[in-house]
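Asker: Make a model of the complete structure from these sequences and hints.
Protein sequence lines, in the order shown, are assigned to chains A and B. Residue numbers for the first sequence follow the numbering used here, so the first one is 1 and each next one is one higher. Residue numbers for the second sequence follow the numbering used here, so the first one is 359 and each next one is one higher.
Source of the hints: derived by calculation from the structure; they are not laboratory data. It cannot be assumed that every hint is accurate.
[Said to hold, decoys possible] Below, computed lysine-lysine pairings styled on DSBU-like, alpha-carbon distance capped at 30 Å:
| # | chain 1 | residue 1 | chain 2 | residue 2 |
| --- | --- | --- | --- | --- |
| 1 | B | Lys464 | B | Lys626 |
| 2 | B | Lys464 | A | Lys17 |
| 3 | A | Lys17 | B | Lys626 |
| 4 | A | Lys133 | B | Lys464 |
Note that this is a predicted model, so its numbers are computed, not measured.
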Amino acid sequence: MPAVVAEGLVKSFGNTKALCGVDFDVERGQILGVLGPNGAGKTTAVRILTTLLRPDAGRAEIDGIDVLEQPQRARARIGLTGQYAAVDEGLSGHENLEHVARLYHMGVSVARERATELLERFDLVDAGKRVVKGYSGGMRRRLDIAMSLIARPSVLFLDEPTTGLDPRSRQSVWELIDELVRGGTTTLLTTQYLDEADRLADDIVVIDRGRAIARGTSEELKQQIGGELIEVEVQDPGDAQRVIEVLGHHACGDPHVGDDTRTVSLPVFRVEGLVPVAVRELDAAGIAVHDVAARRATLDDVFFALTGHAAEEDSTDDQADRPDGSGDGADDGRQAGAPGDSPAAPDGDRIMQETESS
Amino acid sequence: MTTVEEVLLTPAAEHDVPTGRTWLLHDSWTEALRHLRAMRRSPELLIYATVQPIMFVVLFVYVFGGAITAPGYTDYKQYLLPGIFAQTVLFNSSFTAVGLADDLTKGIIDRLRSLPMYQEAVLVGRTFSDVVRNLLTFTVMLGVAFAVGFRIEGTMAQAVSATVLLFAFSYAFSWIQALVGLSVGSVEAANSASFIWMFPLTFVSSAFVPVETMPGWLQPIAEHNPFTIVTNATRALYNGRDPGSDLWLAWAWAIGIALVFGVLATRKFASTTGK
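Answerer: Shown next as structure tokens:
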């Protein structure tokens, strides 16, 4: 039995469809990365699973408990760390922890003990007696995560846990998540950072505009678009389209031109030996280039291939600047992905894109 | 040490925690304690909350006092100060709105709603701690009133009855403010949305001047204003007079408002999430 099940979740706010039928599950002890841009519906999904919102349709389960029917039992098993550190600035770190423990109905002495242990574990012993108002962003986030762990939850929800943190704090949150997962805590992590999902998640669900458009390990997702890319930087932006024409026969997916209008990326299956070939072909065609390079696909590339837009941009106003190859699989996939289309697939074929892109 | 750490970051074997109605008091008190601790740490907020009523006492007694006469009262102070008491405890109800909006924007409401606590305790704890804050301000204000020459002329029982009524009325308004705090999107908005409407409410009333001195069209409004009824009842009691029907009418208003807005705020809370 998976620790988390989301089935056909639909939720609208007025005329805005936040979720249009999202399914996913998380196996016990695994970490699922829910990846998507701002406004994709990640937080809405987390809020439904953590009993904060009722979906218009669909089902959600924690450890086999239906969160809509038995919210209190579900709440006893989860920990939630939201987008902003939900700490009371007027209390000390210790008091914040103790307060949450008391609301899980622990006795006073157990609550104090847990608070002290967590402060030690989270490197906040000295700060524990101080009022949170004076904490740095990283300290607040650590305290916040400690608060969500006070009852040793079965499932931990981390909604964009590193948004707004400096690189060092980010690193320490990552290490903490590693440890938690080693300890067996099932974790659902939402993020808009591809490197974060890449680094932490066993499995990734890509969400865009309220739909799950792909699922797989980060390797599988990268393989899906060919795994490797060849990148050409031209001198004259006017040559970008010609590069696609000349090198297009090597590509296994849709090439795209970067925002700088000079860099062309072509997904390929095997990049070895391709650079000299490409250089010769471009030279023969008389295209002046700054650089021709091979690189491994990143989740950025995957995201672009799947959605036709970059991960960090706002998902609501990017209809206009989709590149030429927009009649592609990803686009069709988004239109065709009806609420019933389930991304829960048998093991052999974990990647759930509804249309073929390779 | 290592074993403790390992245990710390692993899921518990048993997750079910006791829940249900019996936890309402426990959880409300836990929440109230959170606010009271924070309050103790920032006394400056309490000071600001008392400065305004002190200013009102001084301004009205010394600036307007000479120009205003209140029929039935030889000393305007005896007429005015119960009105200012009522206004101040009512104004303080806006702390409920601001506090909830603050919790909401910081994501604290989201966290609390994801805990197996008795959910409504968040509102009960908040409104209760605001009563405590109000009591502190009220005590300071009572001292200032005595300093400028106000005297309680009724019996002890009448004075207690008046004070309890004031707090009941203010507590009822806390539930209006809870609804306001949960409905607006930010602390700034909560600040104005909780306050603005209380100015006409408290000034178009018998608190500062007798209703008979107002223009004819305004009189019926002022007369039936629940704030006038509460002020009249407490004024009579503090001055040792018979409040008549105003006393039970004022209680009826307090209970009515508390019930209606208690239900509305609770419903709103069950579907409220942060930004």
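Asker: Now, for every hint given, state plainly whether the structure supports it.
Answerer: Okay, the hints, checked on the actual structure:
no.: 1; hint: Lys464(B) x Lys626(B); result: 18 Å, holds
no.: 2; hint: Lys464(B) x Lys17(A); result: 25 Å, holds
no.: 3; hint: Lys17(A) x Lys626(B); result: 22 Å, holds
no.: 4; hint: Lys133(A) x Lys464(B); result: 13 Å, holds
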